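Participant: If you want the building blocks of each chain, they are given just below.
There are 2 protein chains.
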Amino acid sequence: MIESRGRERLVVIGGDAAGMSAASQARRLKGPDELEIVAFERGGFSSYSACGIPYWVGGDVAERDHLVARTPEEHRARDIDLRMRTEVTEIDIARGRVRARDVGSGEESWTPYDKLVIATGARPLRPPLPGVDAPGVHGVQTLDDGQALLDSLDATEGRRAVVVGAGYIGVEMAEALIRRGYEVTVVNRGEEPMATLDPDMGRLVHEAMEGMGIGMVNRTEVTEVLVDDDSGRVRAVATADAEYPADVVVLGIGVRPETSLAKRAGLPLGGSGGLLTDLSMRVRGHENIWAGGDCVEVLDLVSGRERHIPLGTHANKHGQIIGTNAGGGYATFPGVVGTAVSKVCELEIARTGLREKDALRAGLRFETVTVESTSRARYYPDAAPMTVKMLAERRTGRLLGVQIVGREGAGKRVDIAAVALTAGMTVERMTTLDLGYAPPFSPVWDPVLVAARKAAGAVRRGGA
Amino acid sequence: MIESRGRERLVVIGGDAAGMSAASQARRLKGPDELEIVAFERGGFSSYSACGIPYWVGGDVAERDHLVARTPEEHRARDIDLRMRTEVTEIDIARGRVRARDVGSGEESWTPYDKLVIATGARPLRPPLPGVDAPGVHGVQTLDDGQALLDSLDATEGRRAVVVGAGYIGVEMAEALIRRGYEVTVVNRGEEPMATLDPDMGRLVHEAMEGMGIGMVNRTEVTEVLVDDDSGRVRAVATADAEYPADVVVLGIGVRPETSLAKRAGLPLGGSGGLLTDLSMRVRGHENIWAGGDCVEVLDLVSGRERHIPLGTHANKHGQIIGTNAGGGYATFPGVVGTAVSKVCELEIARTGLREKDALRAGLRFETVTVESTSRARYYPDAAPMTVKMLAERRTGRLLGVQIVGREGAGKRVDIAAVALTAGMTVERMTTLDLGYAPPFSPVWDPVLVAARKAAGAVRRGGA
Numbered sequence: 001m002i003e004s005r006g007r008e009r010l011v012v013i014g015g016d017a018a019g020m021s022a023a024s025q026a027r028r029l030k031g032p033d034e035l036e037i038v039a040f041e042r043g044g045f046s047s048y049s050a051c052g053i054p055y056w057v058g059g060d061v062a063e064r065d066h067l068v069a070r071t072p073e074e075h076r077a078r079d080i081d082l083r084m085r086t087e088v089t090e091i092d093i094a095r096g097r098v099r100a101r102d103v104g105s106g107e108e109s110w111t112p113y114d115k116l117v118i119a120t121g122a123r124p125l126r127p128p129l130p131g132v133d134a135p136g137v138h139g140v141q142t143l144d145d146g147q148a149l150l151d152s153l154d155a156t157e158g159r160r161a162v163v164v165g166a167g168y169i170g171v172e173m174a175e176a177l178i179r180r181g182y183e184v185t186v187v188n189r190g191e192e193p194m195a196t197l198d199p200d201m202g203r204l205v206h207e208a209m210e211g212m213g214i215g216m217v218n219r220t221e222v223t224e225v226l227v228d229d230d231s232g233r234v235r236a237v238a239t240a241d242a243e244y245p246a247d248v249v250v251l252g253i254g255v256r257p258e259t260s261l262a263k264r265a266g267l268p269l270g271g272s273g274g275l276l277t278d279l280s281m282r283v284r285g286h287e288n289i290w291a292g293g294d295c296v297e298v299l300d301l302v303s304g305r306e307r308h309i310p311l312g313t314h315a316n317k318h319g320q321i322i323g324t325n326a327g328g329g330y331a332t333f334p335g336v337v338g339t340a341v342s343k344v345c346e347l348e349i350a351r352t353g354l355r356e357k358d359a360l361r362a363g364l365r366f367e368t369v370t371v372e373s374t375s376r377a378r379y380y381p382d383a384a385p386m387t388v389k390m391l392a393e394r395r396t397g398r399l400l401g402v403q404i405v406g407r408e409g410a411g412k413r414v415d416i417a418a419v420a421l422t423a424g425m426t427v428e429r430m431t432t433l434d435l436g437y438a439p440p441f442s443p444v445w446d447p448v449l450v451a452a453r454k455a456a457g458a459v460r461r462g463g464a
Numbered sequence: 001m002i003e004s005r006g007r008e009r010l011v012v013i014g015g016d017a018a019g020m021s022a023a024s025q026a027r028r029l030k031g032p033d034e035l036e037i038v039a040f041e042r043g044g045f046s047s048y049s050a051c052g053i054p055y056w057v058g059g060d061v062a063e064r065d066h067l068v069a070r071t072p073e074e075h076r077a078r079d080i081d082l083r084m085r086t087e088v089t090e091i092d093i094a095r096g097r098v099r100a101r102d103v104g105s106g107e108e109s110w111t112p113y114d115k116l117v118i119a120t121g122a123r124p125l126r127p128p129l130p131g132v133d134a135p136g137v138h139g140v141q142t143l144d145d146g147q148a149l150l151d152s153l154d155a156t157e158g159r160r161a162v163v164v165g166a167g168y169i170g171v172e173m174a175e176a177l178i179r180r181g182y183e184v185t186v187v188n189r190g191e192e193p194m195a196t197l198d199p200d201m202g203r204l205v206h207e208a209m210e211g212m213g214i215g216m217v218n219r220t221e222v223t224e225v226l227v228d229d230d231s232g233r234v235r236a237v238a239t240a241d242a243e244y245p246a247d248v249v250v251l252g253i254g255v256r257p258e259t260s261l262a263k264r265a266g267l268p269l270g271g272s273g274g275l276l277t278d279l280s281m282r283v284r285g286h287e288n289i290w291a292g293g294d295c296v297e298v299l300d301l302v303s304g305r306e307r308h309i310p311l312g313t314h315a316n317k318h319g320q321i322i323g324t325n326a327g328g329g330y331a332t333f334p335g336v337v338g339t340a341v342s343k344v345c346e347l348e349i350a351r352t353g354l355r356e357k358d359a360l361r362a363g364l365r366f367e368t369v370t371v372e373s374t375s376r377a378r379y380y381p382d383a384a385p386m387t388v389k390m391l392a393e394r395r396t397g398r399l400l401g402v403q404i405v406g407r408e409g410a411g412k413r414v415d416i417a418a419v420a421l422t423a424g425m426t427v428e429r430m431t432t433l434d435l436g437y438a439p440p441f442s443p444v445w446d447p448v449l450v451a452a453r454k455a456a457g458a459v460r461r462g463g464a
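Line by line, the protein sequences give chains A and B. Note that the numbering used here gives residue 435 to position 435 of the first sequence, counting from 1, and the numbers run on in steps of one. Note that the numbering used here gives residue 181 to position 181 of the second sequence, counting from 1, and the numbers run on in steps of one.
No wet-lab data here; the hints were simulated from the structure. Treat the numbers as computed from the prediction; the structure is a model and nothing was measured. Please note: incorrect hints may appear among the correct ones.
Identical copies carry no separate label here, and so any pair may be met within one copy or between two of them.
[Claimed, not checked] In silico SDA-like pairs for lysine to any residue, Cα to Cα no more than 25 Å straight-line: (1) K263 with G167; (2) K454 with L129; (3) K357 with N218; (4) K357 with R83; (5) K263 with D300; (6) K454 with L276; (7) K454 with S280; (8) K454 with G328; (9) K454 with G167; (10) K357 with T156; (11) K357 with R179; (12) K454 with R70; (13) K454 with G335; (14) K30 with V450; (15) K454 with G329; (16) K30 with R70; (17) K263 with T111; (18) K454 with R83; (19) K263 with E408; (20) K30 with R78; (21) K30 with Q147; (22) K263 with G43; (23) K454 with L279; (24) K263 with I93; (25) K454 with D229; (26) K454 with L125.
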């Protein structure tokens, strides 16, 4: 390849949300005569919605390709040299180059860069249990994983599924499998499902899941995956006390930043193993290297600490910001407040800010209130119950966090609190927020306002 | 009645949301041995949801009584001396007393007060048209109005309805009548329905209403209500150019503050005819008189001006704040940002902050953007289109207003903007808001974020 003089090369490691958003945004700002863009993806898909996998498995999304926002061909049509099934095996910072290996042929070659974007994502935790690699045991991190799970469901006639882990992926997969007609048991190490909530709110999820016919086993470690002697396929999941028969097992026990490359290159990692960046998403101490998406730690604006929050919405924002900066513009990512929404069948689950244990860990004293309200005016059809928990700092009354569990209309209400947290608002100020009201949308006091009133009262009465 | 020494008397004029919230909150803070509370209501119902009337008429709410949050008996059980069908006819500020007339008997008497709450609400505009008082022509301001309309619908076999006015009440009543099987025509003076939106957004409402089979006639004044010679009942609505046959006519052309009493008493009124209060909801210049609800003007925090915004949610907040202050506590109402949500059948309509003409009137220069997005990830079932319009101030980039028209999930998204407006946030800052994301709840870029990105771009490129 002959380089035109003065043309810079941007190399992107990882062809999913963060990496390809960065590539696309850089391309918008600089044409191919100014900037060459080379992107490496070790898998077979680019720019896809991993968050959509449970809905594809559950049948809500008919086809895998619907989850792909932009194919490799579409990226190439925009002058991005995206090399699929090509894994970067080394970053040589001193010489400004990466080594990549063709996954098929095993061939390796070096590619120099002027600017580098690391968007290597996260890898799912896979406990080192006996039997965990048996056929019928599946992760659901990538489209390839999703396809393998669907093939596995087709290959077995049994209808018993065990989901290990009760976080977002775990509960969403429980829903997916219920929708496919499976008998589902979720085995969870924690006190209650959804450890991203306080246990009292997780309890509500637990009860709702049981109401949907999902078996929920808490405070329990899986000790072994039991394999059928004849077929070699999974037959059950064992814990210290029990065995749960399983024709298929889904692992949803979380992910860790995929930063082995970055670590070997000596780049700075935080306490969760994610890359540390500055506000422009540059890797700290490196002028020409950016990182974003599931492989970085983000600043939690409420606690003031770095955290690892693998979420597609952050990855897309990071990519946008990195691409702007790498393309010669200016943009920053100020941080997150820890917002997340999910659902299990009709139950909506949302959180933002700090849980009680986060607040304690951050050295904060706080008041906690929980209120019951409804999604619509009580007299309006389909008004559904909603529980809102709110934490506010003592003395200052600053909002620290909100958790919501309810039916339709519960989940996105957390955005009210997300913006209020971003603004550093007090719960007292929140009591008079001018939120949308009409009987089909809200009680005359929105549930978030009800919680704010109670929290403000607690702060006023609160101790030192 | 023998007064216990030192016991104060709080008199409340108006037994609906603001008045009875104030009474109830004052009672929570002070028992009957400290504070006597007397409330006067000229109608037959207390503490009811006027906003719910269209849903009662439409059949979504089965019974009138479901709209009553607290009956007179319930208030009396809390030691509030609520006198129904008793109209206050004069406020004598110099002597600290009000004159009230029993609507039934016509008897009048004076009641002294130490503290006074004015919560006289709003009165519907009723154009002085020939025939407007004929049977079959109805307002829908009170429960009594709603009952009269329902009786009228029962009394006629015809199935043609004309709604005059295309604001919230107008479009909600159009939905109600469609649901009852009527052929509905809405006659509207303005350029498009929902004048609380800019006309380009109102146009979307117009198109959706037509799609629902609602006839929408814009830029048209009603000139006369035509009456059947035999029955004396309405038979049509006439405009300059046409006649619209009508078995029933609903007037929904807005309300004005009901402040005739206050005006006669010399209390300060603003440009919209509403009472002017300070931040503690005290009538300006009066130590012991508070006012709230539909009879006051509120501070618009975005434009810095007073406006009249009759909405139950404000009335309830005012009542709460007045009751706290009148009960010896402390609370303030900082103002509003102009949030409102509504729906016509499946169409959700929301707004907050300034429209283009409001911003111009306030002397602001601004950028305007409109984006099309979806309520959920595009690949997720029932992802519905959503249009978001956003205004941002030039130079500063401060958010000025948001309008949203779409299907399920559109309406309450406006709360994101309502909180951002309250916080004085810039659209640039909004681009990285940590909003809830999962495929069933939002695209990976929430529609509000998409609008913020586009608005931030416009501000960066914008002129002086």
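Participant: Sort out which numbered hints this structure fails and list those numbers smallest first.
Facilitator: Going through the list in order, the structure violates hints 1, 2, 4, 6, 9, 10, 11, 18, 19, 21, 25 and 26 and respects the others.
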